[in-house]
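Asker: Sequence:
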Amino acid sequence: MLGLGTSLGCQPPPAQEPVVFTRTAFIAYDSDDSSAVLNDPAHPFHSFEAALAALVADSPGQPVRVLVQQDIGAVLAGDALEDALLWGLTLGSDDGRTLRTLSGDHFFGYHADAQLTLQHVALHSLTKNAHQSISVESAGTITGIAASIGNLVLDAAPAPYPASNGTDGPDVQGVAGETPGVSGENAVSYATQGGSGPDGYAAWDVRLKGSLSVDTIHATGSDAEAGGNGGNGGRATGGSGYAGGPAIDFTGTGSVLGGQAGGNGGSAFTMGGDGGQGGNGGRGGTVYAQRSVTLGSTDLAGGAGAPGGSGGSAGTAIPGSGAPGGSGANGGDDGASGSDGTATSTPGVSGGDGTPGADGSVQVVA
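FYI, in the working numbering the residues of the sequence shown are 2 to 367.
Some hints here could point you the wrong way.
Pairs of lysine to any residue, SDA-like flavour, derived with a Cα cap of 20 Å [stated by the list, open to error]:
hint	residue 1	residue 2
1	K210	V363
2	K210	A359
3	K210	G89
4	K210	L100
5	K210	A367
6	K210	R292
7	K210	T299
8	K210	G329
9	K210	L296
10	K210	S149
11	K210	P64
12	K210	A113
13	K210	A147
14	K210	G97
15	K210	Y289
16	K210	I146
17	K210	Q116
18	K210	Q291
19	K210	G151
20	K210	R66
21	K210	H125
22	K210	T91
23	K210	S298
24	K210	S362
25	K210	T144
26	K210	N152
27	K210	G297
28	K210	L87
29	K210	G93
30	K210	V350
31	K210	A123
Think of the hints as simulated: they come from the structure by calculation, not from any bench.
Taking the hints into account, I'd like the entire structure generated from these sequences.
Answerer: Set out below in structure tokens:
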């Protein structure tokens, strides 16, 4: 007698081929990294760091994926993450259907042009290392497949250093005339200019694709630094002139001889340093998003421009005194007195203010 299945013309279902995984690591919170095996869902890793290190070592230069078997608090991080993001990293649910929640603050790497695919996962937050350049660069591309990110952070780093202030002018004494009728030397004391304020850095740009929702995006440029203040002018004193020598009738003929003119006083010049130019604010990030991407709030503000530094004070300029002329002989006129030097003190000029960085924007792309 034929069996029921045979009599009805039914065949037993074919045996299912086992799924073969390549370049894949599995993650489960209650597992152990020491017993984990790549491409084997029965032997998952505990940490992303260990999983990525194993994947990068096993498949250098190839895209890799990490599949999560449960909601976990492990954080996407580790030295191997940079390579994985450069070659292409997929982070997904192990069955391709169940949404897995990944709490914690996850890391999107240091370098530009990262490639990250999120498949049926919800990330609490994803942060790119703060951008340290005034140039426009993309943090990378994030492709979603029924995925979400709570908070995406792509901010710029603070401006690198404060501007230096100028150096005050020195105290300068002009040399006095040292022989009859010689003028004193001029004295000059100039302060130096303040340094220019560094520009703020630009935020990262980013490209978002697929079925992805992002609650908030922060991609703000950093504020610039103020220009340095100019140094203050110093104290400059012109040298005194030397008195003119008397007339001497060496021949004894009684000739009328005029005395030697006195030396002029040296002039004095002081000047404060100009203030440095204020830096310009960094630009906000640009989000290039496909129409399939859902965005909540965005903060893409450019950084503030900084004021210029103050000009330094003028300093003190004291002119050298002119010296009297020498006496005449045999009824001759005394020599003319030397003129006092001039005194010029000029304050520094304040530096110009920097401009604010341009705000970023959301651009809808194909």
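Asker: Against this structure, judge whether each hint is valid.
Answerer: Against the structure, the hints come out as follows:
1. Taking the CA atoms of K210 and V363, the gap is near 13 Å; set against the 20 Å cutoff, the hint holds.
2. Distance restraint check for K210 and A359: the Cα-Cα separation of roughly 25 Å exceeds the 20 Å cut-off, and the hinted pair is therefore not satisfied.
3. Taken as a hint, the K210 and G89 pair is honoured in the structure, with Cα atoms around 15 Å apart against an allowance of 20 Å.
4. Distance restraint check for K210 and L100: the Cα-Cα separation of roughly 18 Å lies within the 20 Å cut-off, and the hinted pair is therefore satisfied.
5. Restraint check: the Cα-Cα separation between K210 and A367 comes to about 9 Å, which is no more than 20 Å; the hinted pair holds.
6. Using a Cα cut-off of 20 Å, the hinted pair K210 and R292 holds, with the two alpha carbons roughly 8 Å apart.
7. A threshold of 20 Å between alpha carbons decides the hint, and for K210 with T299 the separation of about 17 Å falls inside it, so the pair holds.
8. Distance restraint check for K210 and G329: the Cα-Cα separation of roughly 100 Å exceeds the 20 Å cut-off, and the hinted pair is therefore not satisfied.
9. The straight-line distance between the Cα atoms of K210 and L296 is roughly 12 Å, inside the 20 Å bound, and the hint therefore holds.
10. The hinted pair formed by K210 and S149 meets the criterion: a straight-line CA distance of about 12 Å does not exceed 20 Å.
11. A distance of roughly 18 Å separates the Cα atoms of K210 and P64; the hinted pair therefore holds under the 20 Å criterion.
12. Restraint check for K210 and A113: satisfied, since their Cα atoms lie roughly 17 Å apart, inside the 20 Å limit.
13. Distance hint between K210 and A147 is fulfilled; the C-alpha atoms sit about 11 Å from each other, no more than 20 Å.
14. For the hint linking K210 to G97, the alpha-carbon distance of about 18 Å falls within 20 Å, and the restraint holds.
15. Proximity of K210 to Y289 is assessed by CA-CA distance (about 9 Å); at most 20 Å being required, the pair is judged to hold.
16. Only pairs whose Cα atoms come within 20 Å are accepted, and K210 paired with I146 is accepted, the gap being roughly 9 Å.
17. With a C-alpha separation of about 11 Å, the suggested pairing of K210 with Q116 holds against the 20 Å cut-off.
18. Between K210 and Q291, the direct Cα distance comes to roughly 5 Å. Compliance with the 20 Å bound is thereby established for this hinted pair.
19. At most 20 Å may separate the alpha-carbon atoms for a hinted pair to count; K210 and G151 meet this at roughly 16 Å.
20. As the CA atoms of K210 and R66 are separated by approximately 18 Å, the hinted pair is consistent with the 20 Å bound.
21. Of the supplied pair hints, the one linking K210 and H125 holds, its CA atoms being roughly 18 Å apart against a limit of 20 Å.
22. The hinted pair formed by K210 and T91 meets the criterion: a straight-line CA distance of about 14 Å does not exceed 20 Å.
23. With a C-alpha separation of about 17 Å, the suggested pairing of K210 with S298 holds against the 20 Å cut-off.
24. This hinted pair checks out: K210 and S362 have alpha carbons roughly 16 Å apart, not beyond 20 Å.
25. For the given pair, K210 sits about 5 Å from T144 by alpha-carbon distance, which is consistent with the 20 Å threshold.
26. Taken as a hint, the K210 and N152 pair is honoured in the structure, with Cα atoms around 16 Å apart against an allowance of 20 Å.
27. Taken as a hint, the K210 and G297 pair is honoured in the structure, with Cα atoms around 15 Å apart against an allowance of 20 Å.
28. For the suggested pair K210 and L87, the alpha carbons sit about 17 Å apart, so the restraint of at most 20 Å is met.
29. In summary, the hint linking K210 to G93 is supported, as the alpha carbons are separated by about 16 Å, within the 20 Å threshold.
30. Taking the CA atoms of K210 and V350, the gap is about 51 Å. The hint is violated against a cut of 20 Å.
31. Restraint check for K210 and A123: satisfied, since their Cα atoms lie roughly 15 Å apart, inside the 20 Å limit.
Hints 2, 8, 30, counting from the list given before, are not met by this structure.
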